[in-house]
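Trainee: In case you want the letters, here they are:
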Amino acid sequence: GNWARLAAQQALTQDQLLEFDTFGNVSLIHITDIHAQLKPIYFREPSVNIGVGGNKGAVPHVTGAEFRKLYGIEDGSPSHYALSSGDFSSLAQGYGRVGGLDRVATVIKAIRADRPDAILLDGGDTWHGSYTCLKTQGQDMVNVMNALQPDAMTFHWEFTLGSDRVQELVESLPFAALGQNIFDVEWDEPTELFPPYKMFERGGTKIAVIGQAFPYMPIANPGWMFPEYAFGIRDENMQAMVHEVRAAGAECVVVLSHNGFDVDKKMATVVGGIDVILSGHTHDALPEPVVSGETLIFPSGSNGKFVTRIDLDIRDGRMKGYRSKLIPIFSDVITPDADMAALIDEQRAPYVSELSEVIGQTDSLLYRRGNFNGTWDDLICDALLSERDAEIALSPGVRWGPSLIPGQDITREDIFNVTSMTYGKAYRTEMTGEFLKVVLEDVADNIFNPDPYYQQGGDMVRTGGLGYHIDVSQPQGSRISNMTLLSTGEAIDPARNYVVAGWASVNEDTEGPQIWDVVESHIAKMGTVTANPDNNSVVVTGV
Amino acid sequence: SGAVALSSLTALPAFASLTDDAIAELTGGAELGEGAITLTAPEIAENGNTVPIEVSAPGAVSITLFASGNPVPNVATFNFGPLSGSRNASTRIRLATTQDVVAIAKMEDGSFQQATANVKVTIGGCGG
Amino acid sequence: MASGVKPRVKVPKTAAAGETITIKTLISHKMESGQRKDDDGNVIPRSIINRFTADFNGQNVIDVTLEPAISTNPYFQFEAIVPETGEFKFTWYDDDGDVYETSKKIEVS
Ligand SMILES: [Mn+2]
Ligand SMILES: [Mn+2]
Numbered sequence: 001g002n003w004a005r006l007a008a009q010q011a012l013t014q015d016q017l018l019e020f021d022t023f024g025n026v027s028l029i030h031i032t033d034i035h036a037q038l039k040p041i042y043f044r045e046p047s048v049n050i051g052v053g054g055n056k057g058a059v060p061h062v063t064g065a066e067f068r069k070l071y072g073i074e075d076g077s078p079s080h081y082a083l084s085s086g087d088f089s090s091l092a093q094g095y096g097r098v099g100g101l102d103r104v105a106t107v108i109k110a111i112r113a114d115r116p117d118a119i120l121l122d123g124g125d126t127w128h129g130s131y132t133c134l135k136t137q138g139q140d141m142v143n144v145m146n147a148l149q150p151d152a153m154t155f156h157w158e159f160t161l162g163s164d165r166v167q168e169l170v171e172s173l174p175f176a177a178l179g180q181n182i183f184d185v186e187w188d189e190p191t192e193l194f195p196p197y198k199m200f201e202r203g204g205t206k207i208a209v210i211g212q213a214f215p216y217m218p219i220a221n222p223g224w225m226f227p228e229y230a231f232g233i234r235d236e237n238m239q240a241m242v243h244e245v246r247a248a249g250a251e252c253v254v255v256l257s258h259n260g261f262d263v264d265k266k267m268a269t270v271v272g273g274i275d276v277i278l279s280g281h282t283h284d285a286l287p288e289p290v291v292s293g294e295t296l297i298f299p300s301g302s303n304g305k306f307v308t309r310i311d312l313d314i315r316d317g318r319m320k321g322y323r324s325k326l327i328p329i330f331s332d333v334i335t336p337d338a339d340m341a342a343l344i345d346e347q348r349a350p351y352v353s354e355l356s357e358v359i360g361q362t363d364s365l366l367y368r369r370g371n372f373n374g375t376w377d378d379l380i381c382d383a384l385l386s387e388r389d390a391e392i393a394l395s396p397g398v399r400w401g402p403s404l405i406p407g408q409d410i411t412r413e414d415i416f417n418v419t420s421m422t423y424g425k426a427y428r429t430e431m432t433g434e435f436l437k438v439v440l441e442d443v444a445d446n447i448f449n450p451d452p453y454y455q456q457g458g459d460m461v462r463t464g465g466l467g468y469h470i471d472v473s474q475p476q477g478s479r480i481s482n483m484t485l486l487s488t489g490e491a492i493d494p495a496r497n498y499v500v501a502g503w504a505s506v507n508e509d510t511e512g513p514q515i516w517d518v519v520e521s522h523i524a525k526m527g528t529v530t531a532n533p534d535n536n537s538v539v540v541t542g543v
Numbered sequence: 001s002g003a004v005a006l007s008s009l010t011a012l013p014a015f016a017s018l019t020d021d022a023i024a025e026l027t028g029g030a031e032l033g034e035g036a037i038t039l040t041a042p043e044i045a046e047n048g049n050t051v052p053i054e055v056s057a058p059g060a061v062s063i064t065l066f067a068s069g070n071p072v073p074n075v076a077t078f079n080f081g082p083l084s085g086s087r088n089a090s091t092r093i094r095l096a097t098t099q100d101v102v103a104i105a106k107m108e109d110g111s112f113q114q115a116t117a118n119v120k121v122t123i124g125g126c127g128g
Numbered sequence: 001m002a003s004g005v006k007p008r009v010k011v012p013k014t015a016a017a018g019e020t021i022t023i024k025t026l027i028s029h030k031m032e033s034g035q036r037k038d039d040d041g042n043v044i045p046r047s048i049i050n051r052f053t054a055d056f057n058g059q060n061v062i063d064v065t066l067e068p069a070i071s072t073n074p075y076f077q078f079e080a081i082v083p084e085t086g087e088f089k090f091t092w093y094d095d096d097g098d099v100y101e102t103s104k105k106i107e108v109s
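Chains as they are written, first to last, in the working numbering: chain W, 1 to 543; chain B, 1 to 128; chain S, 1 to 109.
Possibly wrong hints are sitting among the right ones.
Label pairs and their calculated CB-CB ranges [stated by the list, open to error]: (1) W:Pro475 with B:Asp109: 53 to 61 Å; (2) B:Asp109 with S:Arg51: 20 to 28 Å; (3) S:Val9 with B:Glu108: 27 to 35 Å; (4) W:Asp517 with S:Gly41: 31 to 39 Å; (5) S:Gly41 with W:Ser172: 27 to 35 Å; (6) B:Asn49 with W:Glu511: 19 to 27 Å; (7) W:Gly407 with S:Asp38: 53 to 61 Å; (8) W:Pro475 with B:Glu34: 23 to 31 Å; (9) S:Pro12 with W:Glu201: 48 to 56 Å; (10) B:Asn118 with S:Lys10: 47 to 55 Å.
Derived by calculation from the structure, the hints in this document are not laboratory data. What you are looking at is a predicted structure, and each value in this text was computed from that prediction instead of being measured. Note that the Cβ used here is the ideal one computed from N, Cα and C, for glycine as well.
Based on the provided sequences and hints, a complete structural model is requested.
Mentor: This is the structure in structure tokens:
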């Protein structure tokens, strides 16, 4: 498109990105859902992100041109490229990659130069999502994050390393590992490993940071990997913690949350006394906070693409005002921090040859985000159908995974960036048409239930070889219809068995090759990937 | 209309009527009040095999739990003794599917109180 | 089911006279529901803990009737009044006739 040239004309500088009129007496720095992306990547934001119930049409469920209109963002501008979908491939040519923790380090150092005692908070999903993170069981990310000197962290995908490894890594952390909702499953008591909150004395005041881990860990991820722990939202305990920290003199209460945006928004109306929620998990990035009740909610994106700086004026027992900025990490604009760049390369050094091996090329944009499908997931489904000789493929609706733009090589690292996990086996099994419907209905209700407390924050399971209609406004059991086997055009027969291949099963006894090997083999055979940009196998109504 | 018409994960009506029968047996068909009993259950079960349930009914002599979507609805009865410190108890129960959990308290005056909580049991497996 | 059944309880060591305390109990037990089938398709017979009682100095605190819908390793939490120094006695009754007991002393100051 025609926006690429516009983009190139708008020279962006590091000073502009960092520009901030220091305010109040306390600064917070929030980064979340890095998914182990140490290096700059491309990341296309979703064009389909449907809100339901009270959140219909509310941010972050506004995308593309509508999103830009809502925030007064000019077409082709840096903010357009960073925050919204639309002409992504062409803007990516002009603006380049985003993220990279060496650039993030530069930004954090600059904020600390301004406010030396700024509180750096990591919202979790940090120790998951790359080849090196999988091979080192999170050690690469721990080493790199420690160098950024965070003050606290909370958790989600970290637990898929297994509870023994989580305990080992958490015990090694030089900062607080928080989770008011992480409980010992046996006696239903708080754990020693994950305290509920930490108090900070900064700028002549006391700030409490309460951690909120992902509430639905054992459902969305394999609970058998961390059977010692229970989670949940635990509103009542959150309220008790807010009272406890207020009684201990906190003049400002911050929740470092991995609830997901709509859950945070509801929690802010249920639990009183929270000033700020730093929001993660659903990977939304908004240029300004959303106010829910008395609480400011700041969602800071994913994959190392953004850092949020929030300056607070805290006086006389309360928060009097704020100033904030969602800083996009344009990797060609922000100078990498040399020490951090060296540390990152040190983590990657043992694996460089495997990482950089070129498996194929893409002449199309490969992306993941979207409620129903994305071209990366279409490719993964095709790989499952072909390599596992299946009629139907199922691929989890996760929101992590960088994009590739047309003309790029597909390296092994790129494949791991969208598939790596500790339960990646690609199963092949038979399911009846009836059971397939139950699966689709079940997942759909975890995404489109009008009550945010029933939403687990992912996207719809991706289907290959199977088309269907979904009315998102209906209740569970009535959303899915017109299920069709795409290879024949026939309606799915509830009584017939279908050969289904999929991956990321939460069942302990799953068998099959690893998904990254399945995808690599498929891409190697294709050579050059050409994606269909208009997958219309899911027909959506009730929006 | 849909290519596939199915009952979903919701409880079969037969099970629900079993629960009605079991409640009638307990109460002798007496009227069921509300408001003096609290039943606390998670919105979504983290594990359907062990769902934490808490009941509380000040002034109760006993509280009985039913799982309306299980093949057998009866779950447990808590009888409070003279040294019970409150009419409050917690346990963990098995839920076969998404369903209503029902708690019936028998009060000191012989009347009955009822509370219901829906617990979702999901296959799960996705995430952000 | 007599093997490997282990009761555990959490009771405060001290209390004030007349204080209400929280007690938690667990017992390791598979709670075979009688609904499951083995690999040959035969129903696995029911074998559960069917009753649990807690008493203090011979007076009852709580008496629970359990059905197969109670989870593996039955867990209970409840509150007790402690009028004087003495001993809690916890008893679990197994379908197979076995009875498991444990007790805890509490000092009233
Ligand atoms: Mn995430
Ligand atoms: Mn997450």
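Trainee: Compare the structure with each hint and give your call.
Mentor: Structure-based check of each hint:
no.	hint	verdict
1	W:Pro475 with B:Asp109: 53 to 61 Å	39 Å, violated
2	B:Asp109 with S:Arg51: 20 to 28 Å	26 Å, holds
3	S:Val9 with B:Glu108: 27 to 35 Å	28 Å, holds
4	W:Asp517 with S:Gly41: 31 to 39 Å	37 Å, holds
5	S:Gly41 with W:Ser172: 27 to 35 Å	50 Å, violated
6	B:Asn49 with W:Glu511: 19 to 27 Å	23 Å, holds
7	W:Gly407 with S:Asp38: 53 to 61 Å	59 Å, holds
8	W:Pro475 with B:Glu34: 23 to 31 Å	24 Å, holds
9	S:Pro12 with W:Glu201: 48 to 56 Å	34 Å, violated
10	B:Asn118 with S:Lys10: 47 to 55 Å	30 Å, violated
Checked against the numbered hints given earlier, this structure breaks hints 1, 5, 9 and 10; the rest are met.
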